[in-house]
Amino acid sequence: AQTVTQSQPEMSVQEAETVTLSCTYDTSESDYYLFWYKQPPSRQMILVIRQEAYKQQNATENRFSVNFQKAAKSFSLKISDSQLGDAAMYFCAYRSPYSGGGADGLTFGKGTHLIIQP
Amino acid sequence: DAGVIQSPRHEVTEMGQEVTLRCKPISGHDYLFWYRQTMMRGLELLIYFNNNVPIDDSGMPEDRFSAKMPNASFSTLKIQPSEPRDSAVYFCASSQVWNTEAFFGQGTRLTVV
Numbered sequence: 213a214q215t216v217t218q219s220q221p222e223m224s225v226q227e228a229e230t231v232t233l234s235c236t237y238d239t240s241e242s243d244y245y246l247f248w249y250k251q252p253p254s255r256q257m258i259l260v261i262r263q264e265a266y267k268q269q270n271a272t273e274n275r276f277s278v279n280f281q282k283a284a285k286s287f288s289l290k291i292s293d294s295q296l297g298d299a300a301m302y303f304c305a306y307r308s309p310y311s312g313g314g315a316d317g318l319t320f321g322k323g324t325h326l327i328i329q330p
Numbered sequence: 011d012a013g014v015i016q017s018p019r020h021e022v023t024e025m026g027q028e029v030t031l032r033c034k035p036i037s038g039h040d041y042l043f044w045y046r047q048t049m050m051r052g053l054e055l056l057i058y059f060n061n062n063v064p065i066d067d068s069g070m071p072e073d074r075f076s077a078k079m080p081n082a083s084f085s086t087l088k089i090q091p092s093e094p095r096d097s098a099v100y101f102c103a104s105s106q107v108w109n110t111e112a113f114f115g116q117g118t119r120l121t122v123v
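Protein chains in written order, with this note's numbering: chain P, 213 to 330; chain C, 11 to 123.
Chain P extracted, bound-state conformation:
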């Protein structure tokens, strides 16, 4: 079974600064999908960014980018020019490419609580 580890329960950053959230995972599969989800106080789970393991290029969505290191099984999220609205819980998630046997669901890390200081 795959596992996802987020080693930072909480991170704090000054507004307009850059912050990096860490995520590592364990899998024996060579192809898979990785995601970062944001959960603000409204508790809605919002997709931030996705990465396909077969793609070498790191995904980018505006101020959000990832550093995907497949050999190290690492998938960190960088938030540039942090804004107050970025304050939330951030979850790293893994999804197997294979259908069936429970593999279709997302496996989540425990989350990182991001605090933005004005």
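I should point out that these hints are in silico values taken from the structure, not numbers from a laboratory.
Glycine included, C-beta positions come from ideal geometry on N, C-alpha and C.
Quick list of in silico lysine to aspartate or glutamate cross-link-like pairs, EDC-like style, CA-CA up to 20 Å:
no.	chain 1	residue 1	chain 2	residue 2
1	P	K285	P	E264
2	C	K78	C	D66
3	P	K267	C	E111
4	C	K88	C	E54
5	P	K282	P	D238
6	P	K322	C	E54
7	P	K322	P	E222
8	P	K322	C	E111
9	P	K290	P	E229
Here are some chain P residues the structure puts well away from chain C; computed CB gaps all over 10 Å:
no.	residue
10	M223
11	E227
12	V231
13	T236
14	D238
15	E273
16	R275
17	F280
18	K290
19	S294
20	I327
Got chain P; can you put chain C on it based on the hints?
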């Protein structure tokens, strides 16, 4: 599309009562997932459906939990009888195919007293 719609948003019930949570997935999505979120255990997959058929319910904690998907636009998660330890946020999510991201509803916060 309005996204994944869950109801109710909040539910408070007494121990022993039956609770039914409802979900309407995004139209055209073939996969529907039920997750539970607690502080202690984080986000756990309870059960998922593919084309209305339950594929894996190994995450359902015990026989008190059951889920159905009578058609492509509706699913329910039922707890009978409910217990205080069932208190959590329950999310429904859907995805178009198996290799895409899942879209989540706003969740139902269940409190069993």
